[in-house]
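Quick note, the sequences are listed as chains A and B, same order. Here this note's numbering is used: the first residue of the first sequence is 1, the next is one more, and so on. Here this note's numbering is used: the first residue of the second sequence is 1, the next is one more, and so on.
Bear in mind the hints are in silico, worked out from the structure with no lab data behind them. We put the beta carbon where it would ideally sit given N, CA and C, even for glycine. Take these hints with a grain of salt, some might be off.
[What the hints assert, rightly or not] Derived, one-sided and incomplete: chain A residues facing chain B with beta-carbon distance under 8 Å:
1. 74
2. 78
3. 81
4. 82
5. 85
6. 86
7. 121
8. 122
9. 124
10. 125
11. 126
12. 287
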Amino acid sequence: MCCSAQLTEKDLAPEAMNPAYLDAIKGMRFFDPHIHMTSRTTDDYQAMADAGVAAIIEPAFWLGQPRTGVDTFRDYYSSLVGWERFRSSQFGIKHYCTIGLNSKEANNEKLSEQVMEILPLFIYKEGVVGIGEIGFDDQTALEEKYYRAQLQLAKDAGLPVQIHTPHRDKKQGTQRSMDIAVEMGLDPYMVIVDHNNEETVKEVLDRGFWAAFTIYPFTKMGNERMVEIVKQYGTERIMVNSAADWGISDPLAVPKTAALMLERGISRADVELVTYRNAITAFAQSGQINEADFERVQEIDQSLKYNGSTILRGGQQPRPNKQSTIIR
Amino acid sequence: MGYVYDEQTTAALLRQIISRHTTERGAQWLEDRLTEWQQQQALSVFNMAFAAAPRFLGREPVAATLAEQAALPVHLEGYTADRLFRIWWLLQLPVNDKKKYIEIIENLFHAAEMNELVALYGALPLLAFPEAWRLRTAEGIRSNIGNVLEAIMLHNPYPASNLDQPAWNQLVLKAFFTEKPVHLIVGLDRRANPELARILLDYSHERRAASRPVHPMLWRLVGPFLEETGFEDIERLWLSEYNVEREAAALACHASGYGPARELLEKRPELKAEIEAGQLTWETVAHRVNMAN
Numbered sequence: 001m002c003c004s005a006q007l008t009e010k011d012l013a014p015e016a017m018n019p020a021y022l023d024a025i026k027g028m029r030f031f032d033p034h035i036h037m038t039s040r041t042t043d044d045y046q047a048m049a050d051a052g053v054a055a056i057i058e059p060a061f062w063l064g065q066p067r068t069g070v071d072t073f074r075d076y077y078s079s080l081v082g083w084e085r086f087r088s089s090q091f092g093i094k095h096y097c098t099i100g101l102n103s104k105e106a107n108n109e110k111l112s113e114q115v116m117e118i119l120p121l122f123i124y125k126e127g128v129v130g131i132g133e134i135g136f137d138d139q140t141a142l143e144e145k146y147y148r149a150q151l152q153l154a155k156d157a158g159l160p161v162q163i164h165t166p167h168r169d170k171k172q173g174t175q176r177s178m179d180i181a182v183e184m185g186l187d188p189y190m191v192i193v194d195h196n197n198e199e200t201v202k203e204v205l206d207r208g209f210w211a212a213f214t215i216y217p218f219t220k221m222g223n224e225r226m227v228e229i230v231k232q233y234g235t236e237r238i239m240v241n242s243a244a245d246w247g248i249s250d251p252l253a254v255p256k257t258a259a260l261m262l263e264r265g266i267s268r269a270d271v272e273l274v275t276y277r278n279a280i281t282a283f284a285q286s287g288q289i290n291e292a293d294f295e296r297v298q299e300i301d302q303s304l305k306y307n308g309s310t311i312l313r314g315g316q317q318p319r320p321n322k323q324s325t326i327i328r
Numbered sequence: 001m002g003y004v005y006d007e008q009t010t011a012a013l014l015r016q017i018i019s020r021h022t023t024e025r026g027a028q029w030l031e032d033r034l035t036e037w038q039q040q041q042a043l044s045v046f047n048m049a050f051a052a053a054p055r056f057l058g059r060e061p062v063a064a065t066l067a068e069q070a071a072l073p074v075h076l077e078g079y080t081a082d083r084l085f086r087i088w089w090l091l092q093l094p095v096n097d098k099k100k101y102i103e104i105i106e107n108l109f110h111a112a113e114m115n116e117l118v119a120l121y122g123a124l125p126l127l128a129f130p131e132a133w134r135l136r137t138a139e140g141i142r143s144n145i146g147n148v149l150e151a152i153m154l155h156n157p158y159p160a161s162n163l164d165q166p167a168w169n170q171l172v173l174k175a176f177f178t179e180k181p182v183h184l185i186v187g188l189d190r191r192a193n194p195e196l197a198r199i200l201l202d203y204s205h206e207r208r209a210a211s212r213p214v215h216p217m218l219w220r221l222v223g224p225f226l227e228e229t230g231f232e233d234i235e236r237l238w239l240s241e242y243n244v245e246r247e248a249a250a251l252a253c254h255a256s257g258y259g260p261a262r263e264l265l266e267k268r269p270e271l272k273a274e275i276e277a278g279q280l281t282w283e284t285v286a287h288r289v290n291m292a293n
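Here chain A stands alone, though its shape is the one from the complex (with noise of 0.2 Å):
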């Protein structure tokens, strides 16, 4: 969430229309491999689309308030998988999930319990690419307890981890849950370490784990430090993403930064692959991952229309047009 940093009046103003930097990333494709669309508007889905936004990775989270039993949570995984992935399709943009218990929550035992119980129906379903995002919050026993035995389930399951690193005590918590995942036996390959900063990045990629970066206004990353990341510590197994949700977060977050990276002279392959390739080639390690299905997913939109412009069936959203103060 935003708002411990300083607001200025330009901060409250309206921003101007300047879409210029979509120019800079014309024909590129993003995968944005963290983004809970969840709490997101249709007018982010579209915008996504048009930005080149090919793919995403919703990991399961906690919603803004505490969950008071094991039936909303089921309601919830069960969305991530259904309405959730059909409703990114009518967009183009093919959807992907991460089934876990977060970290705020773990410190309900009770319910994490019954929560438990239910993860294994789950964690085997189509477009499951992995167990997330799990790890520390407050760095609690309990919040331990259900990180260990979620990362056993995904051991046991063959499917990559997603972590979330807490925003207290940070650097702390980050090396405490390498150190477990390690003495769990996971593989680091198989662990993306998310919302890394220049504090924590170097141990990560050191230690042979995924560093996933933020880009988020005012309490993660902004994308002018993560341009001089990819400067100093080169690509490899580093990878973007918005984790847009309910606070103030931008869904083109990974396309923007793309755009800056470009502009301040990364090269448009390496360019590829913090915004693309790499969170492909990590969560891939699920075997969930088919990149025709892209192409697919916006196939089927357009063979989805019927009967001319006016009629659309089932797949396609049509485009109202914002500017106009008639609404028809």
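Go by the hints and put chain B onto chain A.
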């Protein structure tokens, strides 16, 4: 009495088609799961195989021969290997305990992702105890997911044979609202009824008031129940600038027993002749609507 058809023949036929579309690894996986299930009868084995099928069998399209299709109670058009496996796998459930059988399948529905829902709803004609799935089907019709709706609505004989009239009418209305190819609904003419005709007529008035097009197939379900009220609309359609709408008007008059409608049809003997020769049908109208692009 669980099944209302010869499920063993069907299961054997489905297995035969599956085996034509699996790799060696997939075939081994299937064989192992079947053995495991038959020996242990553990629900976790059953559920996991149902969920994990695409990981081992893939999602490539499958095809039945004409002879196979003719002998099957489900239409396999658009089926993929995983979906075919799933409907066959459902036939591996024992039906001696009705309550348990229903509970197991309902639980699959509860935790289903999109493709699993498609497989489950498409399998309705294959399930034992057909009377047990009426509410489930009505619930499925409330879905907003396009391909889930299609699995229930299109090429599926279950709804026409089992739904009560209000649920049936909802299915047809939802098909119009979500712009599905209505002519692919099984039992469309057989289940036509005056109440549905009235609702569709009202719907056409709403569309007209909003200057939105009315699907010509709607008149197929209005025609047999034409009276004074609906006849005005048919007269208007009769003068439409679109060929396909004039054809729909002629077909609706032909299906009607209402005097003025029969007289109207006489005014275009060439259309009447085409209808009687079977050259102009609702199928040709449907085809034209789909091709109008």
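Verification of the supplied hints:
no.: 1; hint: 74; in the structure: holds, 7 Å
no.: 2; hint: 78; in the structure: holds, 6 Å
no.: 3; hint: 81; in the structure: holds, 3 Å
no.: 4; hint: 82; in the structure: holds, 5 Å
no.: 5; hint: 85; in the structure: holds, 6 Å
no.: 6; hint: 86; in the structure: holds, 5 Å
no.: 7; hint: 121; in the structure: holds, 5 Å
no.: 8; hint: 122; in the structure: holds, 7 Å
no.: 9; hint: 124; in the structure: holds, 4 Å
no.: 10; hint: 125; in the structure: holds, 5 Å
no.: 11; hint: 126; in the structure: holds, 5 Å
no.: 12; hint: 287; in the structure: holds, 6 Å
No hint from the list above goes unmet by this structure.
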